[in-house]
Structure formats: structure tokens, C-alpha cells
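Go by the hints and put chain G onto chain R.
Heads up: the sequence lines are chains R and G, in that order.
Under numbering that gives the first Met the number 0, the first sequence has 984 at position 985, and the numbering climbs by one with no breaks.
Under numbering that gives the first Met the number 0, the second sequence has 68 at position 69, and the numbering climbs by one with no breaks.
Don't take each hint at face value.
To be verified - Ranges of calculated distance between the beta carbons of each label pair, as one might list FRET restraints:
{"hint": "1", "chain 1": "R", "residue 1": "400", "chain 2": "G", "residue 2": "483", "range": "53 to 63 Å"}
{"hint": "2", "chain 1": "R", "residue 1": "734", "chain 2": "G", "residue 2": "126", "range": "46 to 56 Å"}
{"hint": "3", "chain 1": "R", "residue 1": "780", "chain 2": "G", "residue 2": "359", "range": "27 to 37 Å"}
{"hint": "4", "chain 1": "G", "residue 1": "21", "chain 2": "R", "residue 2": "579", "range": "22 to 32 Å"}
FYI, nobody ran anything at the bench for these hints, they're computed from the structure.
For every residue, glycine included, the Cβ atom is placed at its ideal position computed from N, Cα and C.
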Amino acid sequence: MILLLVCFLYVSASAFSQAYSLNLSNGGLQKNVSVKASKKVINLNMGKVTLHEAFKKIGKEAKVNFFYSDDELDVNKIVNAKIVETELSEAVSKLVGPLYNVEVSEDNIVLITPRMPSRNAVLVQDEITVNGKLTDENGHSIPGATIMVKGTNRGVVSDNNGTYSIQASDNDVLVFSFIGYNLVEVPVNGRSVINQQMTPNVAELSQVVVTGIFNRQAESFTGSAVTITQAELKRVGNANLFQTIRNIDPSVVVMDNLAMGSNPNALPEMQIRGTSTFPADGSLSTGLRGNYLKSPNQPLYILNGFETTVEQVYDLDINRVESVTLLKDAASKAIYGSRAANGVIVIETIKLSGSKALVTYNGSVDIDMPDLTSYNLTNALEKLEAERIDGMYNPDFHDPEDYVQLKQLYNERKKLALEGLDTYWMAKPLQTGVGQRHTLSVELGGEELRMLANVSYRDVVGVMKGSSRKNISGNLTASYRVKNFLFRNIMSANSNNAEESPYGTFDEYARMNPYWRAEALDGSIPYYAEIAANGTRYTNPLYNSTLNSRIASSYFNFTNNFYLEWSILPGLKAITRVGIDVKNNDADEFYPSAHTRFDNYTDQAEIKRKGSYQLNNGERSYLSGDFNVNYSKELGKHFYFGNLGFNVSENKFNEVMHRVEGFPSNQMDNIIFGRAYALDARPFGIEGISRDIGFLAVGSYVYDNRFLSDVTLRTSASSQFGADKRWAKFWSLGLGWNLHNESLLKDGLFDQLKIRGSVGSTGNQNFNTNASIATYSYYLESLYQGFTGSYLENMANAGLQWESRFDYNAGLDAKIKNLSLRADYYEGYTENLITDLTIPNSTGFTSVKDNLGRVKNTGYDVNASYLVWSRGRSFFNLNFGIVTNKNEIVELSNAMRSYNESVDAQAAERGNNKPLHKYEDGMSMDAIWAVPSLGIDPSTGNEIYLDREGNTTYTWNARDMVVVGNSNSPYRGTFGFSAEHHGIGLSVTGRYLGGGQMYNQTLLDKVENVDMNYNVDRRVLTGRWLYAGQDALFKRLGEYAIVNNEGGTTGGFAEKTRATSRFVQDRKELTLAAVNVYYDFAPRLLTNLGMERLKLSFNMNEIANISSIQIERGTQYPFARTMSFSVLATF
Amino acid sequence: MFVKLKKTLAGLFIILSASSCEKWLDVTPATQIRGEEQFKSEAGFKDALIGVYIGMAAPELYAKDMTWNLVDLLSQQYATLPNLATYPEIQQYQYRATRAIPKIDALWNKSYNVIANINNALGYIDENREVLHPINYDIIKGELLGLRAFMHFDLMRLYGYGNLANRADIAGKLAIPYVTEFKKEGTPQLSYAETFDLMEQDINAALELLKTDPIYQNPERPAGYYDNVNRDNFYENRGQRMNYYAVKALQARMLLWQGGIENMDAARLAAEEVISNSPARLINSESYPVSSDPVLQPEILFSLNVTAFDNIVGRYLNADSPTNYDALYLTTAAASEIYETANVNIGVADIRYNTLLDAQTRGRVSVKLSQNDNSPLNLMPLIKLPEMYYIAAEYYANTGNLSKAIDYLNTVRSSRGIIAQITEAADQDAVNQELFKEYRKEFVSEGQLFFYYKRLGRTTIPGLSASTIIGDNIYVLPYPDNEIEFGNR
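Pulled out of the complex, with its shape left as it was, chain R reads as follows:
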């Protein structure tokens, strides 16, 4: 696949480059025919004319021809053509200015070529002092901007008040530049005062690396960071940031959630550059809805300089996002020290843009359509046939009564099926979700105080009926400038409401037999889909849709971020920031007594327990503050930058959950009507508090814009770690070389050629409990002589410290003509993984949390984009990205032995049907462990395994498990193009991955681990072993009995197929991830309407997925394709 794709790219690239070279030759040189002339004296008195007219006149008088390139010399420039008795070449030179060489050849040709800027080209000219002031779009002064005389290396920097003073000659052109603003060239034309207002440049943003603490110029930065602008984000999808970032940078992996599919309320999980530590213990958060616990592998999210949560990023209105920066290597992320091991995602919201009042409206209609292409279920007749073959209608002990009953059941079902009953259950709970989004932002204010207010409403409607996620948010950004102080405040409030479908989960429908009725003939919805002849009843999940069950959660989130910037001296700035983030959440889960889940509550005690309610309440507060001083100075060829900082934060959360049952009436839908706490339930919850402080020092030195270096030192302390290891140091060192600024390469092929490397360490503290100290709990069930007692909960480890990650990164940034290339090689070593270390049991505990082991991640990130063609605003751009990742446990397994043993035991349980994670040296953290299978024995229908000695066996044994695959794809990437012409834009983005494997769990569950009473995959009918001699893909079914603790046995459990290599399949996938079409109305059309901008766009997301594995995707909630129509209008 990869090869093919590359070929395609190459072919199209070369096709376009041909077109391009043709284009070039069109814009050729102008040539006039020659006569003769040598030393000539010119007199001219034309006043202000264009250069072209002046040349015409001189050409006529002196009988010469001019030779120049239209591209290099603007002949429509107005010049003062007043020349008295001047020699020809000197006269022309005076006209065209000092930036051009003028030569007169013997055959009367005046050759005008641009003068190469060089040091000895200092012109002996009358110099004047030009003064002036630089202001931004709001009229505020810009200190620290660079003012250069064009074509020379003379330059100054504006002072604190934005004023400057520079020596320049009459004909010079001044170049004003400042990070984030458009470059302006202003001819001096004899003026001695030039005040210049600069306009911000959004595209310029990619020239800056926003680290969230300070901004760095991309050209001189040695880290591996990727900045993505809003325009780029919107091109690859507009649903949420997770969806879009993965389409841009393939090193960001959003983990597959085959169960949750496109559920708008399922938070995505993200990883950058591989798995570095153990997954979280899921049992901790069962039933909790507040999302307060962090996943150990998740990156750090920084929103406007403050740490934020996955949920906040997920609910963030994409229209508010100005840029997203991914910090991937040590040099870029080390400023976040102990929190940055998994990479950092820095998000900045839109800043105040111009000096005038603006009203922007963004609106869109989003359509979600279910994607069921991965399902392959039997229809009514096929299902019946499968049941018949399976022997469902053969009595157990040749009991005649049984026989009659079963035959009756079969005939009844067959009759219905033949009559044409073939219920398409999967469609029942589904809908085409139509959601909408509106964002209105207003920008206003005067010279000193400016504000940006923003209100947005977003309603995501899922494909399961009744499932939705609504966000209403308001934001207010204010900025105020007084003398050297800049105050900025961003306040934002978000109210979220998430509802799950009252229809239940999708798998309840997918498993229903097609010969069952969802609706009775009179249109009513029966409680039972079938009451079989033998009395067995099957509940109808659709019945639940008629009830007032409610699964909803909501939260309110308020954040306020305050910034104070003090420009103390030119280049010296102090910044204080204080952030408050509070959140309250609650959730209700109510099932009335009539719900089908209580169907088996039959005895007197259970009937009273029908109806259940779960109520969650939680809150979080996060306070954070930091203080940074930074200083930058340019001295000749030396550029220095330094930053010192201090930060402190506190994060507190708690959530309590109550489960109550016994709601006799469906109308009683409040928890207060419940009879009692659910059986064996108590109030349950989590609580957490952690505090951090840290110091930061960053230094950077650049020589001549050629040699670059960055150093970061960070020390932080956290309450989460042991008293002996509370403080940890992190550091990074980055070096870079701008080869394109070397004189050798300066005029060559490369617009940019930078090599860079970095090394350093960062930490991970995504852990939820403090395991370093001994803590006590109280016995809740037992008393002793009426007294309560407490017990030690864990073994203390005062030496517990951060997980740290050591990163090496080597990278290359190149720009050759229209090709931009960015490549990185990385090696990351996660050390001191926090895990359960087995200790001698005589210590009182079997394990202690300790730092152990090494996990290695290596890989390449390569991103290339090729601008095939561009003219003005029109362009055609191709892009391609590939990343590889190899994960290996370097040393761990000894410590994990007891864990692995417990996993083996779990895997060996006969009711277990899935492979489990094991950790062994030399293997990947994402390895799939299973027993090698040789297939199905044609004579018995049993599976033949290969044991560890290489012998064949029918017995599954956990000790025979080996690594049979890797669930993390070794390579993945993106590709696509974007183009715009006359305001119409089109971009298409695809993703691909391959090299890895997947355990086809859903196939296994629907073919082998099936309950034949419910619907199954078609392959049950075609692929399962039935008779001796059959060469089948899937084994026969068996049953087993369990011996329980009390010594009794319970039988008749369907034997599950345990982890076997038979269901490990190679995974290659190609996804058409996003298509975006837009039309940007031309400004001249809009002025009549009084509008600044009007843009219509159409997005389609997750349009198609081609996979080498036939796997049911979206088991509990189907996947969806989304379409969205949006409009952007600015007034």
C-alpha cells in the first residue's frame, strides 16, 4: 500500500512540476534590439515619471537598449528623472537606485542586474538619520522589532516605546520585521521620520514555536515542534481537535475504540510517540463520570499556558483555536519537566486581531450517518439454518416431549421467516444525527482596552437515537495596556450536557435474531421479542426506548486565566500568570423497574429491587500560577535568550457515587424515591489532591543565525512522590545548525536546511494516588468488641520517584524550492516505570510501588509537503507523512513476574475469551500474547495448538503463550492535498497504517464464542467445523463445568476460545479521513454587503475505511460518517 501511494505522489508531483516550469518560462526576459553607443552623457528633465518612460527616453536619446528582468526590476516605479550632464551608466544607476548594478556593453546594451548584498557594497552616499515609531494593529508600540536597511546588514531594534533611529540614505529601503507581523518594506525617499503600523500575520505563526511559556522563533529553535494553524486544522476536519490533529501529524495516535465507535460522549485517548508506561487500572474508575483521573500515557495538554484536561480539549470549540503546537522532543518539552514525558500539546485560543470592531459568526450543520459496513450478520433464514445445523432443535436426551417442543419452536420460527419476517434490528436504535454549531464573536474596544467576547453553542447529535453532547460556552478575552504593562485576562465558562441513548447499547440490537419481532403487527412494542414454545423468553431491547430511562451527565466548567506582562527594559520582560479552573459535574443513570435489565428479577426479594439509579457528584479545582522573567538580546552576530521561571499549582478533585435501587413505579425517576442502596453497595468515590512547585531556567544562544543552542534546566517537586525523592531535576540540551545560512549554501538550492539534535529528560506524573507513603484505611464491615479498627493499606516507599523519559532526537528541516521536508529520528527511554515490585511477603505486603525497568521507543517522523503551484492566493499543495514506532521492553520482566503469572491465570480461565497484556523483556508493551495455533483438526473439530516444546496438542496452556503480534502499528501516516483557486478550496486527507496485527475479537465472539440463541456472524454458517474430514476455519463448540469455591459444580458454560494465534490478523488500513471544500468570497463582492469575509465550507469526516481485517467496528456504539456544512462570516 505504502509503495503504491508513494508512486502516486511521485507521478503527480512530477506532472505538476512540468506545468510549473512551463509557467516559469512564460515570465521571461524583455529584450530590445541594439544599435551602437559607448561613452554617452545624458541630460534629462522629465520630473516624476515611471522608470519605463525614463528608459524609453534615454533609449531614444542615447541609442541604447535596456536589458533587465521584469521580475527583478519594477519598471513602473515612479522616479525623479532629473539628470544633468551625467554619464549614461551613472545616470541609469541613479534612476534604478543603489540596489542594482548597471553595466553598458559595447554593443549598446544597458544591463541592469540586482546587486548582491555584500559587505563591501557600502555605498558612499549621503546618509540621514531616520527616526520613527512602530505600532501594532491596536496602535500600541512594538518594542524589540528589527529595522534593517535593505540589502545591507545594518539594523537596529526598536526600544521600549517602539521608537527607533537608524542611518540610511535617501534611496534606501527600510525593512521592518517583528515576529508574528507582516514584513514591511518602506523606501526612505528622503524622509527623516517614518512611523509604521504593522499588521499581524497569521500565516507567520508557523515561524514561531509557541511553547506555552514563551514563544521562540522557529528558525533558531532546536527542538522538534510542530505548529498547526486554525486554517490547517479546519482543512482536515472540524469535529474536534483530536480528530484533526491525528490527520495532520501521524505521530499523534488516537487510540482505537472499537467498542465506543463514534459515541460523542466517549473521550478519546491520545498518545505521542509510542506507549511508554503501563495502562491505568480501569477498576479504579468504574462508574465514575467526572473524568478526573489521567491516563498514564496521555500527553500534557496546555491551553493558553495552563494545564488542562482531555475533556476540556475535546469540548473546545475549534473556531476558538488559533494554533496547536506539538512538542515532541526533549528540547521542546523539557520546560514542562515532570509532566512532559508523553509529549505536550499546546493550544492557544484566538487573540485580538485588528484595531477595528469585528463581528464573526461561524455556523455549521453536522450530519452523522451510521457506518455499518463492518457487520456481516445472518438473515432470518440463514440464522435458522445455522441453529438447525448446530443442533439447537435436537433434544438432549431423546426426550419425546422435548422433541415436540423443539420442533414446534423451529417450525414457528421457520414460518415467520418464510412469511418474510426479517427484522433489521441494527437499524432500530439508529438515526441520522443532525447537530449544529454556532459561534459568535465580537471584538471591540479602543486604544488601551480591547475585548473579544465569544459565545458558542454546539450540539453533537450521535447516530444512536437520543445520544447527544451539548456545549454552551462563553468566553471573554480582555487586554489592557498601560505604559509598560500589559494585562490580559481570558475568562471562559462551559456548560456541558451529555446524554446517552435510552435505547441501550448497540450490541443489544446487533445480537437480536432477525426472525424476532421488534414491533408487533399493530405497531406496539412488545416487552418480549419472543416467547418460545418451551417458555424461554427473550426481551426486546427496543421496549426500553418507550421508557423514561435516563443516562445523562453534565458539567460546568469555569476557567479564568490572568496574565500580566511587564516590559522592564528592551528585551527584558516579566510575566506573571494566574489560572483558576473549577468544574462541577453530576451524572444520573436511571433505569425504571420496567426496564428489560430487570427481567430476571423474579423472586419476592428481587422484585422489590427492580429499578435502579446511580447518582454521581464531583468537583475539581485547579489553581496554578507562574512567574517568568525573560531576556533577549542581539549583539552583532550573537543572539541571547534566557528565561527564569517559577511555578506552583494545586489540583483537587473528588467524586462520589451512590447506587440506589427499588423504584416500583416508572414515574418515580428521582433518586429520593429509591428503596435502599443497591445490594452490597455503599457510597463509592475517589478523591485526590496533588501539589507541585517547580523552577525553570532556559537559555539559548544563537551565533550568526547559523549555530543554534538551547539549554533547559527544570527542577520540580510534587506531593505525589516520596519524601526522599520529592525533588527531581530535568534537563535538555539542543543544538542546531542552519546550513542554509552558510555562505556555501546561501545561494544554492536550499531555502532552508537545518539540522538539529536534542537530548534530555522529562518526567511523567499521571498517577492518581500517592503510593509513596503508608496510608491507613478503616475496616467498614467489621468491628471488634464494638470498636472500629484501621489497617495499613500499602507498603510505603519513601524512595518513589517520577517516571522519567530520556529522549534523543535528531532532525532535519529542509525547504527546497517548493518542497518542505521535516524529518526526525527519535529514541526515547522510559525509566523508573512505576509498577508493583514483588517483595518478600514477610514484609507484610506482596508488592510495593517502585521504580523499575526501561521501555524503549524508537522511530522516525517524516512529513513532507510540496507546493506544486501557486499564484497569489491560489495554490495546489501535496502533503505526505509517515511515522514509525518500535516499542520494546528493555528490562522489566523479573519485577513483573508475579503480575505476568496472575495474567496467565486469568488467561487460562475457561470463560476467558481475550488475550491479555503481558510484559516481557525484548517484547513490545503492545504485544499480543496467544498460544500458536495450527488450525482446526479436520477429524475432531478441535483446535490444534503448538506447545512450547514444539509438539502439537489439543490442550490450551497459558505457559505456551508467545508473542504472536503487535497491536501498535509499526508505521502509520497521512497523505493528501489541498488546493485553492479563485477562492474555491478543496482538500482531501487520508490516513494509513500497517505492519501491525489485531486480535479479531468480534469475529471470535460472533463465530466461536457465540451464544446460538442470539444472532451470529454469517461465517458461523459457512466456516465452522461440522463433520469429520471437514477443513474448517472455526472450531466446533464445547461446554464445560465450573467447580465453585463451595465445592459445587455448575455446568453448561459454553467453552470460550482462549487467546489463540488463529484470530491474530495483519492489520493494514486506509482511511479517507477528511474532505473539505470551501468557497471564500472575493473581497470586492463583499464590500457591497458590508462584510469583511464570507466563507462557505463543506466537510466530510471518516468517509471510508478499507481494512485488511474484517472486524466489527463499533460494537456498543456504531461508527459514523460525518458531513458538515459551515459558514463563516465576518462583519
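Here is chain G on its own, set in the frame of chain R:
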């Protein structure tokens, strides 16, 4: 300007890196109680102490396996368990069987977990002595030390060698680790002698401290001495806690376990002190309502209060149901043999036979621990007075003072209602044989019989076929694998 800024920054650094900052970082969620917080108050120490008892009353320990189930199965008093039962491998001494390992390991692990709880509390008790009233300090620390010795001693009896006095190879062997500190590193093993020294130190220290125990008779104590510290009745029912006489009895047990005449003499002394000074008294079978108090509370020196004991024990005491595979009962034949029912003056008269054994369909079930539905006692006796009589008797029997030995035995026998007394004419072997019979009769479902066999190094165990070779393979339980590997045992 710069100077000022530098000064401010320097000041900031100093303030923040000072100790106040370390303190600020010392936070834990309210649902987690830091060890230090726990022991900042008297109530915290009391809760931790009670927590130790609740820990001991777990089914893996004294509420089941350490007493009437696992350990008693080893002594072969119960009828053979079917294979569908939970513990048949234990009964057959297949310690390496898949189902036996977790039970044997749990016993070890949970015991050491209780010890860890004791050690952490002991670690703080001297550090935070000022928060405790002196009486509280003495009794709580005394109980903790006594419990530490008690737990280690039982581990030693299970996982160590028996018949110590008569084994020459013991000197070169290492005993179980005697853990006195709460830490994540394993404690090195010491020799048997050194381990017993540590145990004795704990016992002696406990005895000294527990002279403050209200159960210990001290005429010099002023009236109202305990009024202040016992407002909440924390020091009532001393029989359910590690009291002075429980420690004394433990001392007797431990000395006897070490064996040798000197130790036996010391054990006898301790036992006699308990017999004469402790408030415990042997019951009189004629007047005592045995059926309504089958554990015989007046004889209890140390017992545990087990919450909802019936849930743990009830199921095992039902030999009526044919499918209750785990039922623990004595076959009718075995019961007759043990209690000598052939002699009406011995077996039938014995309350241990006629009242404490319940004839059910499959056999005779010991009802000592059976809980009355209406007023369950929830008591698991761990040390009872008759054992002290036996210890004394054993010493006298082995030192030739037979009449004294017979006297002690007869006292217990008559308390149990046995009419026929041991005659003065009995020789040493006969006395020891009677002692052996007493052990079998008295300790049904109390978890002491196995240790008696092991202590004596008996090569035969009643109920086992003669061909079974009985030695360390049966008497010594294996350490958990993780203990061996990660503790370098």
C-alpha cells in the same frame, strides 16, 4: 532595577525552598490517611490496635484456617474430605497442589500483614509517646508486643521444624524471619535460638508493660485507677485481647515448644502462674450450662471477637447435607475411639462427647463454634486454661513427679465430667498416653492438636495409615514461592 529584581527573586527562592514548602507538599487525599496522621492521637493508636485484632480475625487466619480448618485438617481429626471439597489436598499433605498453595500462602501473607500493622504502630508508639496516657501506653504497647510474639510463634510452629530439643541439625537451620520493622526490604532469617530470643524479649517486655493490665492483680493500684482511660470501656473483656495472662500462657507454650527440661520447667512455672492467678477457671460440668456456652468462656485466656462468625463457620458445621463437601465432622467410629466410649465412665460421661459433639447424618460435628442464631457469641478461643494444666502435667510426667501430673490431668478430666480417674498406679508412659488422649479430646476444632504431634515429632498420627511416612515433609509447610525468591530464603 536589576539589583532590586535580583533581590526579590533571591528572596522568593529562599522562601519557597525552605521547609514550609516541603510541608505544603505534604498532602494526601482525605480518603487516604497518612501513617503519621493516624498516630497523632490516642484514638489513632487504639484504632490501629483494634485493626490488628480485626486482621487476625480474618478467615485466612484465626477465624478459620489458622485454627479449626486448615491446621486441624492437618491433625487428621476430621473425616476424609471428598475431592469436590475445598481443602482435600491440605488434608492429604499435598502442599504443592494447585489448590493448596494459595491457602498456605495466604496464611503466611496475612500473618505477616498483621505483623506489619503491629510494627508500624510500635514504630510510632515511642515516637509519639506524649499523645498517650501512661496507662494507655503500657497496655497498648504491651498488647502489640505480645501479639507480635504470638503471630511469629504460630508462623514458627507451622513453617518451622518441630521436636526442636531432640534434633541435632536445628542449630544450623534458619527460622522464619522475625520482623520487627515496617519496611519494604526483607528481614534476614536468624537461627532458631536467636529467633526465640527475640520472641522472648517481646514476651518479657509485654509482661512488664501489662502489669498495668486491669486483669493483672495488683493490690497497690488505687481505686478508680482506670476510670479516666476506660471511659469508653476500651479495657473491658480482657479475655478478647492480648492480656497479661494470655502473654504468660503464650510464654508457657513457647517454652514448651523449645523443649528440654529447663524450658519445660520454665513453661510449667508460667503455666502454674496462669492457673493460680488468672481469673480463668475450669468449669464444673455438672453445674455449668455447657450446651449454651460451648466455648466455655470461663476457661478462655485469649480469644478473638469475629464479626459475623456464623458466615464463616456455619457452612462447615453441617454434616446433614450429603452435598456439603466441606463439612467437618468426626466419623462415629473415630469419635468413639477418641472419647473411649467403650467405657461409659469415660466417653459417655464426657461433656466433650455428649454435649460438644452433635450427632448428624454423616457423623459427629463439633459444635464448639456453632453460633446461636439469636445471640451469636462470635468468639474464637485461641488459648484456654486446660492447656496450662497439660503443660504442667507434661513437665511433671517427664521429671518423674507422676502424682502431680496425674493430679493435673484428673482435674481437667473431672471438670469434663469423666468419672473414671487416672489411677495413681499409672507409669510414665501411661500418663503420657493419657495426656495424648486429653489433647485429642480437648482440642477438637481449636487448632492445637497438630502442633502437639509436631512438637513431639510423632512418627504416627491417628487417622493416618501406618505406611505414611511422617516427618518434615508433613510437619513443615512450605514458604510461599515469592518469599523464597524475593527474600532469598
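Right, here's what the structure says about each hint:
no., hint, in the structure
1, R/400 with G/483: 53 to 63 Å, "holds, 60 Å"
2, R/734 with G/126: 46 to 56 Å, "holds, 52 Å"
3, R/780 with G/359: 27 to 37 Å, "holds, 30 Å"
4, G/21 with R/579: 22 to 32 Å, "holds, 25 Å"
The structure meets every hint from the earlier list without exception.
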